[in-house]
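Go by the hints and put chain Z onto chain U.
If you read the protein sequences in the order shown, they are chains U and Z.
With numbering that gives the first Met the number 0, the residue at position 25 of the first sequence is 24, and numbering never jumps.
With numbering that gives the first Met the number 0, the residue at position 84 of the second sequence is 83, and numbering never jumps.
Hints are computed from structural coordinates only; laboratory data are not their basis.
Keep in mind that the hints are not guaranteed to be accurate.
Since the list can't tell identical chains apart, any single copy or any two copies may satisfy a pair.
Claimed, not checked - Straight-line C-alpha distance at most 20 Å; calculated SDA-like pairs for lysine to any residue:
hint: 1; residue 1: Lys107; residue 2: Val48
hint: 2; residue 1: Lys324; residue 2: Cys225
hint: 3; residue 1: Lys228; residue 2: Thr207
hint: 4; residue 1: Lys283; residue 2: Asp194
hint: 5; residue 1: Lys275; residue 2: Leu244
hint: 6; residue 1: Lys16; residue 2: Met42
hint: 7; residue 1: Lys316; residue 2: Leu327
hint: 8; residue 1: Lys316; residue 2: Val271
hint: 9; residue 1: Lys324; residue 2: Glu313
hint: 10; residue 1: Lys228; residue 2: Asn205
hint: 11; residue 1: Lys283; residue 2: Arg200
hint: 12; residue 1: Lys283; residue 2: Leu201
hint: 13; residue 1: Lys4; residue 2: Thr120
hint: 14; residue 1: Lys275; residue 2: Val260
hint: 15; residue 1: Lys273; residue 2: Gly251
hint: 16; residue 1: Lys228; residue 2: Arg204
hint: 17; residue 1: Lys16; residue 2: Val260
hint: 18; residue 1: Lys216; residue 2: Glu241
hint: 19; residue 1: Lys277; residue 2: Ala103
hint: 20; residue 1: Lys216; residue 2: Met238
hint: 21; residue 1: Lys283; residue 2: Thr206
hint: 22; residue 1: Lys283; residue 2: Ala303
hint: 23; residue 1: Lys324; residue 2: Gly171
hint: 24; residue 1: Lys283; residue 2: Phe62
hint: 25; residue 1: Lys283; residue 2: Glu131
hint: 26; residue 1: Lys46; residue 2: Gly317
hint: 27; residue 1: Lys294; residue 2: Glu190
Number of protein chains: 2
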Amino acid sequence: MRAIKLMPVVEALKRGKHFAIIAHIAPDGDTIGSCLALANFLMDHGKTVELYCHDAPPESLAFLQGIRNFVRPGESGGSQAHSAYYDAVVCLDCSDEGRLGDAAFLLKRTSCTINIDHHATNTLYAGINVVEPGVSSTAELVFDLIQEMDGDYFSLPVYEAIYTGIATDTGGFGFSNTTPAAHRIAAQVIEYGLDVDRLTRLLFRNTTLARVRLLAKVLDSLEMHCDDKVAFLMVSKVMLEEAGLDENNTEGIVNYGIDIVGVECAALFKEVEKDKTKVSLRTKGAVDASALAVKFGGGGHARAAGCLINAGIEEAKGQVLEALKGMLE
Amino acid sequence: MRAIKLMPVVEALKRGKHFAIIAHIAPDGDTIGSCLALANFLMDHGKTVELYCHDAPPESLAFLQGIRNFVRPGESGGSQAHSAYYDAVVCLDCSDEGRLGDAAFLLKRTSCTINIDHHATNTLYAGINVVEPGVSSTAELVFDLIQEMDGDYFSLPVYEAIYTGIATDTGGFGFSNTTPAAHRIAAQVIEYGLDVDRLTRLLFRNTTLARVRLLAKVLDSLEMHCDDKVAFLMVSKVMLEEAGLDENNTEGIVNYGIDIVGVECAALFKEVEKDKTKVSLRTKGAVDASALAVKFGGGGHARAAGCLINAGIEEAKGQVLEALKGMLE
Numbered sequence: 000m001r002a003i004k005l006m007p008v009v010e011a012l013k014r015g016k017h018f019a020i021i022a023h024i025a026p027d028g029d030t031i032g033s034c035l036a037l038a039n040f041l042m043d044h045g046k047t048v049e050l051y052c053h054d055a056p057p058e059s060l061a062f063l064q065g066i067r068n069f070v071r072p073g074e075s076g077g078s079q080a081h082s083a084y085y086d087a088v089v090c091l092d093c094s095d096e097g098r099l100g101d102a103a104f105l106l107k108r109t110s111c112t113i114n115i116d117h118h119a120t121n122t123l124y125a126g127i128n129v130v131e132p133g134v135s136s137t138a139e140l141v142f143d144l145i146q147e148m149d150g151d152y153f154s155l156p157v158y159e160a161i162y163t164g165i166a167t168d169t170g171g172f173g174f175s176n177t178t179p180a181a182h183r184i185a186a187q188v189i190e191y192g193l194d195v196d197r198l199t200r201l202l203f204r205n206t207t208l209a210r211v212r213l214l215a216k217v218l219d220s221l222e223m224h225c226d227d228k229v230a231f232l233m234v235s236k237v238m239l240e241e242a243g244l245d246e247n248n249t250e251g252i253v254n255y256g257i258d259i260v261g262v263e264c265a266a267l268f269k270e271v272e273k274d275k276t277k278v279s280l281r282t283k284g285a286v287d288a289s290a291l292a293v294k295f296g297g298g299g300h301a302r303a304a305g306c307l308i309n310a311g312i313e314e315a316k317g318q319v320l321e322a323l324k325g326m327l328e
Numbered sequence: 000m001r002a003i004k005l006m007p008v009v010e011a012l013k014r015g016k017h018f019a020i021i022a023h024i025a026p027d028g029d030t031i032g033s034c035l036a037l038a039n040f041l042m043d044h045g046k047t048v049e050l051y052c053h054d055a056p057p058e059s060l061a062f063l064q065g066i067r068n069f070v071r072p073g074e075s076g077g078s079q080a081h082s083a084y085y086d087a088v089v090c091l092d093c094s095d096e097g098r099l100g101d102a103a104f105l106l107k108r109t110s111c112t113i114n115i116d117h118h119a120t121n122t123l124y125a126g127i128n129v130v131e132p133g134v135s136s137t138a139e140l141v142f143d144l145i146q147e148m149d150g151d152y153f154s155l156p157v158y159e160a161i162y163t164g165i166a167t168d169t170g171g172f173g174f175s176n177t178t179p180a181a182h183r184i185a186a187q188v189i190e191y192g193l194d195v196d197r198l199t200r201l202l203f204r205n206t207t208l209a210r211v212r213l214l215a216k217v218l219d220s221l222e223m224h225c226d227d228k229v230a231f232l233m234v235s236k237v238m239l240e241e242a243g244l245d246e247n248n249t250e251g252i253v254n255y256g257i258d259i260v261g262v263e264c265a266a267l268f269k270e271v272e273k274d275k276t277k278v279s280l281r282t283k284g285a286v287d288a289s290a291l292a293v294k295f296g297g298g299g300h301a302r303a304a305g306c307l308i309n310a311g312i313e314e315a316k317g318q319v320l321e322a323l324k325g326m327l328e
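Just chain U, with the same shape it has in the complex:
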């Protein structure tokens, strides 16, 4: 079935010679891994590819081959570099046009737009849409696409990029979107020679001294509420400054709260500026994180959501506690 859905993409990529590939804003391992896998594959087949992303790719993925080739369309001088026309423009892991950010204008630079994604909320904004919510990751679809186009193809950098997309989007083969296919692709790329230990260290077991120092301080701030069903963690600007880190270095810390037995809701309160607090929410069981975030103009999923509260940390904590009342059954 999936092979049939991919046929129009296969034909467009075989026919064309010059492509643009776009990753989504605030890029993660799946969008970057998918873009680099497809770009390297196409270049190995004599095509030219330009890679675009509204934001800079995360430093943690710097080991992926070709990652320095991403162009930020909004950057000064960046727009001159863009080609006038592409045989196709491929968006990977982008659920709607808004996720393209400043790269959205590229959709007008071709008569063939392609949208490959695994988000159920995808708006089918392209000419060719391959949207499969049942797969683990967009990288899984790119793997299928490569197999369809050239079943004998071998390239370790391409399979490292595929593995990166699958492993990061499934939380290291742990989340509910871990499909049998995700495991079977991993099995195949290990047979191809992928160094699992090296890759997983780069992706998951890789931190800095400053981050560990910050983690110690944030964990020390742990506060329990509502009969230990609610865990609050706090990050002030002073804590970030003392660690010499910017606010992008707190990813995953909220999980230390939700992973505690008995906790139903965990929140990380991060002071981004005076009277502005970013709140990351994680929930188990009864509490809907998305419903909680929506009360503050935020959003997300049932188990992970976020919002921005126009108040200092202490006041924001009080507001979230108040909103939580009645949600903890």
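Okay, now just chain Z, sitting in the frame of chain U:
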């Protein structure tokens, strides 16, 4: 090939009716998962099984079906319960007789001893030895054994136990022993209906408030040495007492040290009693953790080892730093 090696085991288990299955001392997810998978499988086929382990299974595995059936041979009253004779005694994940602890005497209660393991150091102490160092885990071998004995067999509790063995021994499909077969078995058990998110939360994303409080304190003790190539973490008896935890609650904390970029050697110093310090060592690159541990009468692997030093934490730190000199190239 493996099917041929397993044939004598298949025959012995098909022929017999009454078995003992033994897990190793200080049991982990692989030995416990392997034992429970095989025991439940055999009982589903009308056999009787007695499960033995020198130590109590870890609380974190309490969700596995049948785990309360493990008997500790050394416990008062325990020995009376043992059968006089077994059709076969099966040791799973036990590399030598010493690993059987107080359960070793059971090898004399049968004419058919079976040793199934994946440790290269296995001493082949049984009548039938199936030792495969190339597999991810003993659970992988038990999966093969079950497939050989009854390819149509289905039992979710058995596959949860198999998955537990594979996932814990590979560090969540991340370590270098993550084989293609490990991933393919995971794919298969997910198709059988295993709830990955639930299992991985129980195995890996499951802590207690006391442990998080202890972690905050231990991370706060982080000391860097030798141009930030060496990370030391400390756990005193007072810290454990304040957290209300015993010394078995520090597993994995040393990894916060070794996961720091640039660190070549991390050590966790744990005060077990006055002037006795347990040291957990992790290394990258040049340093051989085993060679370092051997200097203090300990042992282990190249990347993970441990030793006991007859000194307080401060003196032990000095001794390890001294021993490290010349090893950091």
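Now for the hints, and whether the structure bears them out:
For the homomeric pair Lys107 and Val48, the shortest alpha-carbon distance inside one copy (17 Å) is at most 20 Å, but the shortest distance between copies (69 Å) is not. Taking identical chains as interchangeable, the C-alpha atoms of Lys324 and Cys225 lie at most 20 Å apart only when both belong to the same chain, with a minimum of 9 Å there against 51 Å between chains. Taking the shortest Cα distances, Lys228 and Thr207 sit within 20 Å of each other only across copies (12 Å), while inside one copy they are farther apart (31 Å). With identical chains, the CA atoms of Lys283 and Asp194 are at most 20 Å apart between copies only, with a shortest distance of 15 Å across copies and 34 Å within one.
Within a single copy, Lys275 and Leu244 get their C-alpha atoms as close as 18 Å, which meets the 20 Å cut-off; across copies the closest is 38 Å, which misses it. Proximity of Lys16 and Met42 under a CA criterion of 20 Å is satisfied intra-copy only: 10 Å inside one chain copy versus 62 Å between copies. For a Cα distance limit of 20 Å, the shortest separation of Lys316 from Leu327 inside one copy, 16 Å, qualifies, whereas the shortest one across copies, 47 Å, does not. In this homomeric assembly, Lys316 and Val271 come within 20 Å of each other (Cα to Cα) only inside a single copy, at 15 Å, whereas the closest approach across copies is 39 Å.
With identical chains, the CA atoms of Lys324 and Glu313 are at most 20 Å apart within one copy only, with a shortest distance of 17 Å there and 48 Å across copies. For the homomeric pair Lys228 and Asn205, the shortest alpha-carbon distance between copies (14 Å) is at most 20 Å, but the shortest distance inside one copy (31 Å) is not. When the C-alpha separation of Lys283 and Arg200 is checked against a cutoff of 20 Å, the pair qualifies only between copies, where the shortest distance is 11 Å, while the shortest distance within a copy is 28 Å. Only between protomers do Lys283 and Leu201 lie at most 20 Å apart by alpha-carbon distance; the minimum there is 13 Å, versus 29 Å within a single protomer.
In this assembly of identical chains, Lys4 and Thr120 lie within 20 Å of each other by CA distance solely inside one copy; the values are 18 Å within and 51 Å between copies. Taking the closest pair of Cα atoms, Lys275 and Val260 never come within 20 Å of each other, the shortest separation being 30 Å inside a single copy and 32 Å across copies. Taking the closest pair of Cα atoms, Lys273 and Gly251 never come within 20 Å of each other, the shortest separation being 23 Å inside a single copy and 37 Å across copies. Taking identical chains as interchangeable, the C-alpha atoms of Lys228 and Arg204 lie at most 20 Å apart only when they sit on different chains, with a minimum of 16 Å there against 29 Å within one chain.
For the identical chains of this complex, Lys16 and Val260 are neighbours neither inside a copy (54 Å) nor across copies (41 Å), given an alpha-carbon limit of 20 Å. In this assembly of identical chains, the alpha carbons of Lys216 and Glu241 lie at most 20 Å apart whether taken from the same copy (10 Å) or from different copies (18 Å). For a Cα distance limit of 20 Å, the shortest separation of Lys277 from Ala103 qualifies neither inside one copy, at 27 Å, nor across copies, at 58 Å. For the identical chains of this complex, Lys216 and Met238 are neighbours both inside a copy (7 Å) and across copies (16 Å), given an alpha-carbon limit of 20 Å.
Only between protomers do Lys283 and Thr206 lie at most 20 Å apart by alpha-carbon distance; the minimum there is 14 Å, versus 27 Å within a single protomer. Within a single copy, Lys283 and Ala303 get their C-alpha atoms as close as 9 Å, which meets the 20 Å cut-off; across copies the closest is 34 Å, which misses it. For the identical chains of this complex, Lys324 and Gly171 are neighbours neither inside a copy (34 Å) nor across copies (36 Å), given an alpha-carbon limit of 20 Å. When the C-alpha separation of Lys283 and Phe62 is checked against a cutoff of 20 Å, the pair qualifies only between copies, where the shortest distance is 18 Å, while the shortest distance within a copy is 34 Å.
Taking identical chains as interchangeable, the C-alpha atoms of Lys283 and Glu131 are never at most 20 Å apart, the minima being 26 Å within one chain and 40 Å between chains. Proximity of Lys46 and Gly317 under a CA criterion of 20 Å is satisfied in neither setting, with 56 Å inside one chain copy and 59 Å between copies. When the C-alpha separation of Lys294 and Glu190 is checked against a cutoff of 20 Å, the pair qualifies neither within a copy, at 48 Å, nor between copies, at 38 Å.
Violated hints for the displayed structure, listed by number in ascending order: 14, 15, 17, 19, 23, 25, 26 and 27.
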